[in-house]
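Chain order of the listed sequences is A and B.
Letter by letter, the first sequence follows residues 5 to 361 in our numbering.
Letter by letter, the second sequence follows residues 171 to 487 in our numbering.
Simulated from the structure, these hints should not be mistaken for lab results.
Keep in mind it's a predicted model, so treat the numbers as computed, not measured.
Be aware that one or more of the hints could be misleading.
To be verified - Simulated coverage check for chain B against chain A, where a stretch passes if three residues somewhere in it have a Cβ under 8 Å from a Cβ of chain A: (1) 219-226; (2) 261-268.
To be verified - Here are the simulated distance ranges between beta carbons: (3) A:Ala-323 <-> B:Val-293: 29 to 37 Å; (4) B:Glu-264 <-> A:Val-162: 54 to 62 Å; (5) B:Leu-386 <-> A:Ala-77: 23 to 31 Å; (6) B:Ala-338 <-> A:Phe-168: 44 to 52 Å; (7) A:Arg-164 <-> B:Gln-432: 29 to 37 Å; (8) B:Thr-345 <-> A:Gly-74: 32 to 40 Å; (9) A:Val-162 <-> B:Val-293: 41 to 49 Å.
Even for Gly, the Cβ is constructed at its ideal location relative to N, Cα and C.
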Amino acid sequence: MLAFIGRRLLLTLPVLFGIILLVFTLTRLLPGDPCIAALQERATPQLCADFNRRFGLDEPIPVQFVSYLGDLATGNLGRSIQQGRDVSQIIVERLPVTIELTLFALTFAIVTGVLLGRLAARRRNSPADVATMMVANIGVSVPVFVLGLVLAFFFAVVLRGTPFSLPPSGLLSPGMRHEDLAIVWGMQGAEGFPRAVLDFVSHMTITSALISGQWEALYDGIRHMILPMVALGTIPMAIIARMTRSSMLDVLGLDYIRTARAKGASERLVIGRHAFRNALLPVVTVIGLSLGALLSGAVLTETIFRLPGVGSALFEAIASRDYIVVQAFTLVTALIYVTINLIVDLSYAYLDPRIRL
Amino acid sequence: MSADATVVEHGPAHAPSSLLRDTIGSILRQRSSLVGLVLLGIIVSGALLADVLTPYAPAQQLTSMEGAERLGTPCIHLLGCPTERPQFVMGLDENTRDVFSRVLHGARLSLVIGVTTVSLAIVVGTLIGAFAGFIGGWFDNIVMRIMDVLLAFPALVLVIFLATSLDALDIPVLTDRLIIAMLAIGIVAVPVYARVMRASVLSIREREFVLASRALGASQAGILFRRVLPNALTPLIVQGTLGIATAILEVAALSFLGLGAQPPTAEWGAMIGTVRNQVFSAPHLIIFPGVALSVSVLAFNLLGDGIRDALDPRLNR
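The following block holds chain A by itself, in its conformation from the complex (with noise of 0.2 Å):
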């Protein structure tokens, strides 16, 4: 196993190097002085030899990759144009916000799709599988944005004054009150990095609700999270309900499903006991894969239900050509996506001891 994870890892280095240097020469092709970004109308010609000297601008390319490797590696990933502050700080507040959306998408459409998929291959060929499956043909065509928006007409126009409406923008209701943990622990003394953690689970409303007790703000936050959840999680839904269905059936078709079912198992414990768990394997390699469907549509969940997250920094950064602000959080996005990818396959190992060899 150990042996397995180093090469994987070794693997993903060059991967990552890539990315970087992808990031990087795109950055520097692009037009706009940095002296004239920063200084503006001030920018004269002495200033900014002395500017490009101070931040290493005058070096040779190879040079000024490397020390842009050293700011990466400090998280100092560059200065908003339009904002004025530090990227890294637009994404330690942006962040907790997409992670919690992108968690709970990820957990209804593996529950979703699972148990979809679980029952449409128990029952093959019956209108329960067929529906299931037109469910999950629809459900990977129809793009976030439109199921965002038409989601949003209806639980918040057509079923207004109903028990069922549900809030269509924002983490909470306008007036809640949800305290940062550093207040409703007393731990407004806090600096440095402890500070730094509490801030960003702070920002992730559900979590930092539900932790602390603040009960009102919990409910209040999870109405707010259910339209975007479904929205986001609905593409992945249907891509794992489709892979759960065909691997039960491969698994079904299987020597030693017709040996339990030949020693007189009752069908529950087959489809519960057997088939299932094995089944689940493949299902593991496509929650990695719709990965980055939940990273990309979050760019347009947040955007369409206006939530602060790193997707709809990245929305308005395209707004306001904010390069800086669109090259950062890419390459965020991207490292995410390498590492957990990294993780799911991992996990895949650990699960299926074939791999590894």
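Mind docking chain B on chain A? Use the hints.
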């Protein structure tokens, strides 16, 4: 082309014409590809006949028309809409344009976009994959690592990044944001086809019939085009069909975000993007382009799945 492919696949025992018929027959026997083809037929005829079927030009503002108001709801005389109101099957948009005309013309644009980007990606991808597979060694290694890097990004995020960067670069030829978006989507799709092509080259290169043609003095190019490419056609067609669905989705998403087609172009994503804040007051502006977009994506997805199931030798019934 596909007749050749099936001949090589199944050996020379059958006559080509009947094999072509068999292939089409087995594709049509798949429920999903049949449904996909029907949906696609509707969309293609809508796109081809857009000028005939629609009463107005897609960019025409009907401000001076009696009874035409901004964000007007759909009015169909057959469904009991009073005849004194002018008929607008899908209503009017924020600039008093006929939504039905815009949706149909949008079909034309989306089909063209989907097919062009995928064709571009297939041509570049197959060439890269073929060279990597044939030349092998360090060339193969470097090229395929670059492909790995492109695949390591979430697709839409990389497309957004490339599109913003290409836009900011101000390249003289690339001024139209829609073209930039298509180029970005094409680039991101290249690795998929390169991998498919390289895999077929590697699996076929050492087979007896290829060795035989090499012994007969066939050139590398001849082997590539007559032996390898026909064998790679099935996965390329399947991937290409599914890829059109992805391309249509991604262009729409980019246009929705303001990076692709710009108003007043009748593009579904852009149409939804410009009115997304009015979803509560004028839902028809979202629903009709949204349904058109979903149905097109669904059609290509079903067709691709159906072709795969029909041509997959492991699923022989």
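A quick look at each hint next to the structure:
1. Interface restraint, the region 219-226 of chain B with chain A: violated (0 residues with C-beta to C-beta distance below 8 Å; minimum three).
2. Under the rule that three or more residues need a Cβ within less than 8 Å of chain A, the assignment of the region 261-268 of chain B is violated, with 0 such residues.
3. Hint check: Ala-323 (chain A) to Val-293 (chain B), Cβ distance near 33 Å, so the stated range 29 to 37 Å holds.
4. The hint said 54 to 62 Å for the Cβ distance between Glu-264 (chain B) and Val-162 (chain A), and at roughly 21 Å that hint is violated.
5. Under the hint 23 to 31 Å, the C-beta atoms of Leu-386 (chain B) and Ala-77 (chain A), about 58 Å apart, miss the expected range.
6. The given range of 44 to 52 Å is respected by Ala-338 (chain B) and Phe-168 (chain A), whose C-beta atoms sit roughly 45 Å from each other.
7. For Arg-164 (chain A) and Gln-432 (chain B), the hinted distance range of 29 to 37 Å is satisfied, since their beta carbons lie about 34 Å from each other.
8. For the pair Thr-345 (chain B) and Gly-74 (chain A), the beta carbons lie near 37 Å from each other, so the given range of 32 to 40 Å is met.
9. For the pair Val-162 (chain A) and Val-293 (chain B), the supplied restraint of 41 to 49 Å holds, since their beta-carbon distance comes to about 47 Å.
Violated hints, in rising order: 1, 2, 4 and 5; the structure is consistent with all others.
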